[in-house]
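Asker: Take a look at the letters that make up each chain.
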Amino acid sequence: ETGVTQTPRHLVMGMTNKKSLKCEQHLGHNAMYWYKQSAKKPLELMFVYNFKEQTENNSVPSRFSPECPNSSHLFLHLHTLQPEDSALYLCASSQVGTSYEQYFGPGTRLTVT
Amino acid sequence: QQPVQSPQAVILREGEDAVINCSSSKALYSVHWYRQKHGEAPVFLMILLKGGEQMRHEKISASFNEKKQQSSLYLTASQLSYSGTYFCGTERANDYKLSFGAGTTVTVRA
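So the protein lines, in turn, are chains D and E. FYI, the numbering for the first sequence is 1 to 113, going by the working numbering. FYI, the numbering for the second sequence is 1001 to 1110, going by the working numbering.
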């Protein structure tokens, strides 16, 4: 595997379900990000992990819970979501300190019913 | 605060040129440009770190006017492969946290 991978690619869940999104980067980067991309809206930064420590939480509702067990893996735990949470969730990574370009994964298309 | 991109959409014929603008109400440390094709992940094009810096990716170039707090992306002699949505991402401090514009959808037709 190369680059940034995300699983699953598609997810349909009910409002009472609990699910997790997974992201893995194979680039040796030290920072990882979760973004939300809704139709006709800008990419919204949700969480940032730098050297495995969360450094940003852009007022994201607590029904979204990130986890970064190591510098290569990032999870987004979901519970009791709302229909307006339906969106494309993108993971990205970068090498802070040397290069700032972010490499994105293909995203997970989430539908909350 | 998110930057403002214009135009929202542009349609070109192959070989034509276009300019996409990205403006911020706050001072910027850097501007990043990404392109996203339908159903795919955004792909990094270039980063501009200094005022007045111009970068190039194939026949796509960009400028950064620090004083005006804006950046422009120039699509020159457009190709079919240039179709997609272009996003600017702005960084206000050297903190690797980007705010993205709403995007400009570019359609290049034969």
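If you're looking for bench data, these hints aren't it; they were derived computationally from the structure. Among the hints, erroneous ones may be present.
As the list claims (entries may be wrong) - Derived coverage of chain E by chain D (criterion: at least 3 residues anywhere in the stretch with Cβ under 8 Å from a Cβ of chain D; other residues may be distant):
#: 1; stretch: 1016-1024
#: 2; stretch: 1089-1098
#: 3; stretch: 1101-1110
In this text, all values refer to a predicted model and were calculated from it rather than measured experimentally. Even glycine gets a Cβ: it sits at the ideal position worked out from N, Cα and C.
Asker: Hint by hint, note whether the structure agrees.
Answerer: Tested hints:
Residues of the stretch 1016-1024 of chain E with a Cβ under 8 Å from some Cβ of chain D number 0, which does not satisfy the need for three, so the listed coverage is violated. Beta-carbon proximity to chain D at under 8 Å applies to 5 residues in the stretch 1089-1098 of chain E; the threshold of 3 is reached and the given coverage holds. Judged by the Cβ-Cβ criterion of 8 Å, the stretch 1101-1110 of chain E is covered by chain D as claimed, because 3 of its residues qualify and three suffice.
Comparing the model with each earlier hint shows a violation of hint 1 alone; every other hint is respected.
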